[in-house]
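Asker: Here are the chains, one letter per residue:
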Amino acid sequence: MTEHILSLIVAAPFVAALILLFLPPKQLGLIRFTAAIGAFVSLVLSLYVAFLYNSQAGGLQLAEVYPLVPSLGIELRLAVDGWGVSLLILTGVIIFAGVLASTSLADRAKEFFVLLLVLVAGVFGVFVSQDLFVFFLFYEIAVLPMYLLIGIWGSSHKVTEAGPLRFVWKWFDIGGREYAAMKLTLMLLVGSAFILVGLLALYFSAGAGTFDMAVLAKAHYPRSLQLWAFVLFWLGFGSLAGVFPFHTWSPDGHASAPTAVSMLHAGVLMKLGAFGVMRIGMMMLPDGARFWAPVVGAVAVVNVVYGALSALSQKDLKYIIAYSSVSHMGVVMLGAATLTQSGWNGAIYQMFAHGIMTGLFFALVGHIYERAHSREVAKMGGFATVMPGVAAFFTLAGLSSLGLPGTAGFVAEFLVFAGAWQSPQAWWSLFGVLGAFVTAVYVLRVSRAVFFGEGPSPHFHDLRDARRVEWAPLWILGGTLLLCGIWPRLLLDFIDPATSSYLRLVVAVAGGQP
Amino acid sequence: MSLEMLQPIAVELSICGGAIVLLLVDMYLPDGARKHLASLTALLLVVALYLSTRFDGQGAIGTVYFGSAFTQLCKRLLIVATLGAVLGGRDFIAKVAPRRQGEYYFLILMCLTGMMLLPGARDLILLIVSFELMGIPLYVLTAFVRDEASPERRLAATKQAAEASLKLYLVGAASTTVTLFGLSLLVGGAGSTRLDALLAAPATPLHIAGLLLVLGGMGFKIGAVPFHMWVPDTYQGALTPVVAFLSVAPKAAGMATLMVLSVKAVPSSIWQPALTVLAVVSMTVGNLMALPQRNVKRLLGYSGVAQIGYMLLALCVGGSYALAMLLFYLCGYVVTNLGTFLVVHAVADREGDDSLDGLSGLARRSPWLGLSLLMFLLSLAGIPFVIGFWSKLYLFMAVYQAGQGWLVVVGAVLAVVGLFYYLQVARAAYMVAPAKPQPLQVEPWLAVMIVVCLLLVTGLGAYPGPLLEVCQQAADALLLGR
Chain D
608 MTEHILSLIV AAPFVAALIL LFLPPKQLGL IRFTAAIGAF VSLVLSLYVA
658 FLYNSQAGGL QLAEVYPLVP SLGIELRLAV DGWGVSLLIL TGVIIFAGVL
708 ASTSLADRAK EFFVLLLVLV AGVFGVFVSQ DLFVFFLFYE IAVLPMYLLI
758 GIWGSSHKVT EAGPLRFVWK WFDIGGREYA AMKLTLMLLV GSAFILVGLL
808 ALYFSAGAGT FDMAVLAKAH YPRSLQLWAF VLFWLGFGSL AGVFPFHTWS
858 PDGHASAPTA VSMLHAGVLM KLGAFGVMRI GMMMLPDGAR FWAPVVGAVA
908 VVNVVYGALS ALSQKDLKYI IAYSSVSHMG VVMLGAATLT QSGWNGAIYQ
958 MFAHGIMTGL FFALVGHIYE RAHSREVAKM GGFATVMPGV AAFFTLAGLS
1008 SLGLPGTAGF VAEFLVFAGA WQSPQAWWSL FGVLGAFVTA VYVLRVSRAV
1058 FFGEGPSPHF HDLRDARRVE WAPLWILGGT LLLCGIWPRL LLDFIDPATS
1108 SYLRLVVAVA GGQP
Chain X
3 MSLEMLQPIA VELSICGGAI VLLLVDMYLP DGARKHLASL TALLLVVALY
53 LSTRFDGQGA IGTVYFGSAF TQLCKRLLIV ATLGAVLGGR DFIAKVAPRR
103 QGEYYFLILM CLTGMMLLPG ARDLILLIVS FELMGIPLYV LTAFVRDEAS
153 PERRLAATKQ AAEASLKLYL VGAASTTVTL FGLSLLVGGA GSTRLDALLA
203 APATPLHIAG LLLVLGGMGF KIGAVPFHMW VPDTYQGALT PVVAFLSVAP
253 KAAGMATLMV LSVKAVPSSI WQPALTVLAV VSMTVGNLMA LPQRNVKRLL
303 GYSGVAQIGY MLLALCVGGS YALAMLLFYL CGYVVTNLGT FLVVHAVADR
353 EGDDSLDGLS GLARRSPWLG LSLLMFLLSL AGIPFVIGFW SKLYLFMAVY
403 QAGQGWLVVV GAVLAVVGLF YYLQVARAAY MVAPAKPQPL QVEPWLAVMI
453 VVCLLLVTGL GAYPGPLLEV CQQAADALLL GR
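Quick mapping for you: the protein sequence lines, in order, are chains D and X.
The first sequence runs 608 to 1121 under our numbering.
The second sequence runs 3 to 484 under our numbering.
These aren't lab readings, by the way, just hints derived from the structure by calculation.
Misleading hints may appear alongside valid ones.
Calculated cross-link-like contacts (lysine to any residue; reagent style SDA-like; alpha-carbon spacing at most 20 Å) [as the list claims (entries may be wrong)]:
no.: 1; chain 1: D; residue 1: 633; chain 2: X; residue 2: 370
no.: 2; chain 1: D; residue 1: 825; chain 2: D; residue 2: 680
no.: 3; chain 1: D; residue 1: 790; chain 2: X; residue 2: 290
no.: 4; chain 1: D; residue 1: 790; chain 2: X; residue 2: 416
Cβ pair distances, simulated, as ranges [to be verified]:
no.: 5; chain 1: X; residue 1: 373; chain 2: D; residue 2: 822; range: 36 to 42 Å
no.: 6; chain 1: D; residue 1: 715; chain 2: X; residue 2: 29; range: 52 to 58 Å
no.: 7; chain 1: X; residue 1: 439; chain 2: D; residue 2: 644; range: 29 to 35 Å
C-beta: ideal position from N, C-alpha, C; glycine also.
Put together the whole structure using the sequences plus the hints.
Answerer: Written out as structure tokens, the structure reads:
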């Protein structure tokens, strides 16, 4: 079994989805149970991969190769590195928590879980493929079901029409879930079109007749090609990572999506984008990466600060969390742009930390929305008296978000800012810290406005704390957050060796560490 | 002249003969038994498909016809497309035109004969005769009227069908005239009706003008911009099974003819710029015009225009690899588009509503029909794991390899625009609550054909290798053969 562990981990959600297809749609309990089992198996397998992976040896391990399209040199080439291990665990944790958090979903539950599990299979696939083409295929599987997931099970909310272009708002039904679904899909697929062109450029320019990423990374591409192809990858993958100004799908999409989908999308899918930029863009095209790093970093800084300021001005609870994702993904991209050991470690660590944290946030917001039937922060208040557990976990997520020592967020942000300080653009860390400061302001403001102070008003008669199985996702996510904050080596032992070997590919040619 | 000489066109002859037998049988059939004509036609097509494996179809008939792996592939593709349209529309045609089924199937078979002769034609006379043999039955087929109970609706249906047919006829006749005029210039210059003579002829201004006129005439047939005006109206007005046939088989035949001409009769430097313009304009206009459409058939009409644009992209690049990818794209397009129209037929003609609203809630009324439609739409859009993705990918690779990276960027971005309106259709099927909650019944043969298309679309999407090889052989045969 251990030699096929990676194909198993990709296949497990697929198989669960297949089994679900044949269950009667009325049997909700059975459907939820099957989905939960599928997700649990994924989680266990991802932890088992971490157990099998020898972090001392580093490099790519647990490799499997199957031919797929021999005429083009496309192979199903699976292997995992230290980065992959940590992101696999992230995905496993989030999907298990996400399925548990959507046990109250009843409308067309069967189709929902099928799509969700297919999507997760795609995510697992991206993190373990070592063939560029298969990487792209899995990436698409991870992106596409989102359209239906948001369009069918999402929620709409009213947006006040304003500005000189208000007639356009009406046209597109801005604020509607179908608008959000379509916007997300189209923006991400324009990104995919860029990626596809970049992919062809690498394939033909390397001329090796293979999509094997290890071979492609060793090939020497002309500098001019590197410069434009890097931009394609940066914008293409970056649109999924929420890179400014291509982040606009993310607040709408995350706010409209159902709870589990928001958790998965903000928690894991945005990471695919950042992972793509680093793993494909930077490692395949070192010249391009070094040339564009100042721009990538500057844009990332805009992300950090702009995302935090936007979150500050939102009135809708889900939008606040969604904009905080934009801000935190900026930290990831900033870490990547530093091209330093600690910056890259921080970027990957932030992917993990932010994934868990935002998953926890969305699970909590989903719970609040379900009980309060409202997401308007201004109307809430004093919720802590009736839902103390939720309030405690919200505070925990918030503290990690603003980077309090002892939480995973602190480790990640510290590493990234330290990396930024070592990089040629030390001023980045200044703005990074500014972003963290604004984050503190809005996080504390929101938790005060929702949970403390006067209230709750009698209007919210349905409020109650989490119950039974609803506790499970909160404990899993909150526990992970604390565990990784107190004991960062747990993950860094995986991440660090991978980072140093990959970073060598990018900066060694330039003559050593900057 | 011995009979063996006719071996390359044995399949065509058998279909033509079968069509005549069918017409004769029809005269003596009582009204109640006419519904078996469809089965007879299907049987004939299956036999033809079998014959195409018995006879290798290779070899030349004088200088007029040349059979090769290329013509074999095209013939089989056309037979399969026709078979799908015939069986898919079987019960519907028996219902709406019970007394005219004989004519209907006769016309389809004659049209098929014309189309099958086109890829092998190496002489302008045969070419233009086959073209008309393909075209004239289509004018009649598009004029078939749906039987409506109320007189007003019947009148409206008649008007629509008349418009559909007349538009196709007028545009078709004009395009034939233009083609013929162009051919007369070519023959005048080259002194021969043979294609290879055209290739050798000096490129005088008259010769170039002739070539461009022929390209224009062909553009009408395949519905490339700016010769596409008939497409949406004809699609909307004609019966859906006819449109299913019209939107795949004649386009495939027209595309195959363009391939033959561009390889065998036209020096590449003359057509290439014009083809590039046609391709880009077709992709752009087709995709953009499809956006505001609310009628599914019109929408798919414009989407077909855009698809033709993608195929022209490969044609303007030229070369063995690009032509093979064009053939692959063509196969994928035929299967996918046929499936799409059959689903639309299954829903729209039962409900009498071919707007997007007619599809609403399809996924709840019939989950497997909804899933099929979704797969076909994703394939048309070029999304992974269905054949349409490989089509677009291979085509883009061919174009990129030829150094036309900018065309790839244009095509890829427009493909995303295309996804927008394909998703509008999917949205109607999946996200809008059904107008009528009761489950949808589908006739057995129609269901079988849709499932076959679905299996092909997903099966070839999972395993495109073998078809790719066949296409490569066909393209090489076209380039290397006579």
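Asker: Sort out which numbered hints this structure fails and list those numbers smallest first.
Answerer: none
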